[in-house]
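Trainee: Chain residues, written in single-letter form:
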Amino acid sequence: MGLSMNKLTPKLVVEGLCHHYPDEYTGESVHALEDINLELYEGELVSVVGPSGCGKSTLLNILAGLLPYKVGKASVDGELIQGPGPDRGVVFQEHAILPWRTVAKNIGHGLEIKKIPEVERIQRVQDFIDLVGLSGFEDKYPHELSGGMKQRCQVARTLCADPVVMLMDEPFAAVDAQTRITLQEELNRIAMATRKTILFITHAVDEAAFLGDRCVVFSARPGQLKEIVTIDIPREKRIWADMNNNDVFKTARDRILKSVREEVLVATEE
Amino acid sequence: MQPRSKLEKFIWSLQQLMKIDAMNLVILVIVTLIGWSIISESIDNPGRYLPSPVAVALSSVDMLVKGLLPSYFSDTLVRLIVGSAIGLVAGIPFGLILGLNRTVADMFHPMLNFFQSVSGIAIFPIIVIWYGNSDTTVLIVIVYTSFFPIAFNVLSGVREIPLRYINAARTLGASRYQVTKDVLFPGAMPHIATGTRLSIGFAWRAVIAGEMLAGRQGLGWMIFTGQDSDKTTEIILGMVMIGFTWIILDHYLLRPLEESTIERWGLVQR
Numbered sequence: 001m002g003l004s005m006n007k008l009t010p011k012l013v014v015e016g017l018c019h020h021y022p023d024e025y026t027g028e029s030v031h032a033l034e035d036i037n038l039e040l041y042e043g044e045l046v047s048v049v050g051p052s053g054c055g056k057s058t059l060l061n062i063l064a065g066l067l068p069y070k071v072g073k074a075s076v077d078g079e080l081i082q083g084p085g086p087d088r089g090v091v092f093q094e095h096a097i098l099p100w101r102t103v104a105k106n107i108g109h110g111l112e113i114k115k116i117p118e119v120e121r122i123q124r125v126q127d128f129i130d131l132v133g134l135s136g137f138e139d140k141y142p143h144e145l146s147g148g149m150k151q152r153c154q155v156a157r158t159l160c161a162d163p164v165v166m167l168m169d170e171p172f173a174a175v176d177a178q179t180r181i182t183l184q185e186e187l188n189r190i191a192m193a194t195r196k197t198i199l200f201i202t203h204a205v206d207e208a209a210f211l212g213d214r215c216v217v218f219s220a221r222p223g224q225l226k227e228i229v230t231i232d233i234p235r236e237k238r239i240w241a242d243m244n245n246n247d248v249f250k251t252a253r254d255r256i257l258k259s260v261r262e263e264v265l266v267a268t269e270e
Numbered sequence: 001m002q003p004r005s006k007l008e009k010f011i012w013s014l015q016q017l018m019k020i021d022a023m024n025l026v027i028l029v030i031v032t033l034i035g036w037s038i039i040s041e042s043i044d045n046p047g048r049y050l051p052s053p054v055a056v057a058l059s060s061v062d063m064l065v066k067g068l069l070p071s072y073f074s075d076t077l078v079r080l081i082v083g084s085a086i087g088l089v090a091g092i093p094f095g096l097i098l099g100l101n102r103t104v105a106d107m108f109h110p111m112l113n114f115f116q117s118v119s120g121i122a123i124f125p126i127i128v129i130w131y132g133n134s135d136t137t138v139l140i141v142i143v144y145t146s147f148f149p150i151a152f153n154v155l156s157g158v159r160e161i162p163l164r165y166i167n168a169a170r171t172l173g174a175s176r177y178q179v180t181k182d183v184l185f186p187g188a189m190p191h192i193a194t195g196t197r198l199s200i201g202f203a204w205r206a207v208i209a210g211e212m213l214a215g216r217q218g219l220g221w222m223i224f225t226g227q228d229s230d231k232t233t234e235i236i237l238g239m240v241m242i243g244f245t246w247i248i249l250d251h252y253l254l255r256p257l258e259e260s261t262i263e264r265w266g267l268v269q270r
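Read top to bottom, the protein sequences are chains A and B. Start counting the first sequence at 1; every next residue gets the next number (my numbering). Start counting the second sequence at 1; every next residue gets the next number (my numbering).
Calculated directly from the structure, the hints in this document are not laboratory data. Among the clues, some could well be false.
What the hints assert, rightly or not - Result set (BS3-like, lysine-lysine): computed pairs, CA atoms no more than 25 Å apart in a straight line:
| # | chain 1 | residue 1 | chain 2 | residue 2 |
| --- | --- | --- | --- | --- |
| 1 | A | K114 | B | K181 |
| 2 | A | K105 | B | K181 |
| 3 | A | K140 | B | K9 |
| 4 | A | K115 | A | K105 |
| 5 | A | K140 | B | K181 |
| 6 | A | K140 | A | K105 |
| 7 | A | K140 | B | K6 |
| 8 | A | K115 | A | K140 |
| 9 | A | K226 | A | K258 |
| 10 | A | K73 | A | K105 |
| 11 | A | K226 | A | K73 |
| 12 | A | K105 | A | K70 |
| 13 | A | K226 | A | K70 |
| 14 | A | K237 | A | K250 |
| 15 | A | K115 | B | K181 |
| 16 | B | K231 | A | K150 |
| 17 | B | K66 | B | K231 |
| 18 | A | K114 | A | K140 |
| 19 | A | K150 | A | K114 |
| 20 | A | K150 | A | K140 |
Please construct the entire structure, taking both the sequences and the accompanying hints into account.
Mentor: Structure representation (structure tokens):
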């Protein structure tokens, strides 16, 4: 095992979580999530993959506290999730950095909200600017950044607020293929450097296998945990150039791919 | 001269633009004055129907010497400043607070739109019934006229802020107050700038009309009484003053304010 995990104290716990809601047009009850059980341990990156509409984004929104839930339990560090909070940082798919704030001001926003003194704030913001490779862009506004840079800025903003868990909702889906590969390798480096606990939602199987210590496969609606695939590759060995020769990666990827494909077929047959 | 720094280049291009603009303006003014003079010369009794530019200029000198013009002008300007300042200071938070809750915002939106369309002149009679022909009446009409466009615009601005910006701040731990201060207010800023320009524009019309109807001293009163006393030169002088004051106000204060907020945040591509 590349990471030493503290199996005794999970950072994030989801127990018997269900989410049903009435359909907007028909009024029928839609079962988005059905009995989800999941634990994330300290320093672990868990990727979640599944067909579109399987409820993986619903899960993230519930964990972020943006969507209320009635059935089941979800907690971080033993504290029940009831609304958004700084213990859970979110990286959204569409760039959600504020257009009227500079890169540095965006990254420091979480610290500003926590009322951290400016001197300390500036130092910490600079550390995270350097970490995500945005040095020299501190005073730029978001519209002056490329898509990849905007996502780096979002990751830095989330990490700078020092959450217990970082939740990522298909963060690299909207950037071009080349940038995506770079961002994936950078996230791997950042995960290694910060030892942050991360839940990473994606629809891309390669990405899920490349980044996850474990990969959770969701079934088609109603979203259920279909299987969990462990990908035992040390973080320092996760480089795209080497992955084609890495049997552990290939085996895991093929298994996830097969599992997801079955679900996509189920979803399209409906 | 070769422009060197970015700033020099900017100033240089600005000067070029000014030269063209100033040139066009001078030509336009000269042509207008000539056309005006020709018409004035060719009609019977120009003193009553359309005095020549020279006659208007002489009358303005006369009124300047007597101190009437500065006194009327400052009366009108003070009314505009006080009235629209009250309207803006009340209207901005009003729109912002209504915008906090989508349901409340949707409820009030048509109401604001309604009052925005009932112009200051249309409410004049009822205010006169309440407060008589007084300065208070004129002030109320100006405040009313400037309040609704700004409140309506701020409300629209808050409603148009993408939910992901609000959610991003909430997941960083922002309170309701912090979301308002850091997301809703700056996010509505371009609308606040546009609304301010509209409000002051409407208020300027309302001041003139208010002075006429309530018989309070000022530019509006000057052109209104000019009709009774057959002083056509004063009427035209008043009209010219009204137009030029607005152009100066708009060109040097309101438009730059609007453009700077919109452009700096990259909300409009140039």
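Trainee: Holds or violated: are the alpha carbons of A/K115 and A/K105 at most 25 Å from each other?
Mentor: holds (14 Å)
Trainee: Within 25 Å, alpha carbon to alpha carbon, are A/K237 and A/K250?
Mentor: Answer holds: A/K237 to A/K250 is near 14 Å, not above 25 Å.
Trainee: Between A/K114 and A/K140, does the CA-CA distance stay at or below 25 Å?
Mentor: Since the Cα atoms of A/K114 and A/K140 sit roughly 24 Å apart, the hinted pair holds (cutoff 25 Å).
Trainee: Please verify whether A/K115 and B/K181 have alpha carbons no more than 25 Å apart.
Mentor: holds (14 Å)
Trainee: Keeping to a limit of 25 Å between CA atoms, is the pair of A/K115 and A/K140 held or broken?
Mentor: holds (23 Å)
Trainee: Are the Cα positions of A/K140 and A/K105 separated by 25 Å at most?
Mentor: holds (10 Å)
Trainee: Mind checking the alpha carbons of A/K114 and B/K181 for me, to see if they're no more than 25 Å apart?
Mentor: holds (14 Å)
Trainee: For a C-alpha distance cap of 25 Å, please report whether A/K140 and B/K181 respect it.
Mentor: holds (21 Å)
Trainee: Are the Cα positions of A/K150 and A/K114 separated by 25 Å at most?
Mentor: Distance ~23 Å between A/K150 and A/K114 Cα, so the pair holds.
Trainee: For A/K105 and A/K70, compute the direct alpha-carbon distance and say whether it is at most 25 Å.
Mentor: violated (36 Å)
Trainee: Please work out if A/K226 and A/K70 have their alpha carbons no farther apart than 25 Å.
Mentor: holds (22 Å)
Trainee: A/K73 and A/K105 were given as a pair; does the straight-line alpha-carbon distance stay at or below 25 Å?
Mentor: The hint is violated at about 35 Å.
Hints 10, 12, 16 from the list above are not met by this structure, while the remaining hints are.
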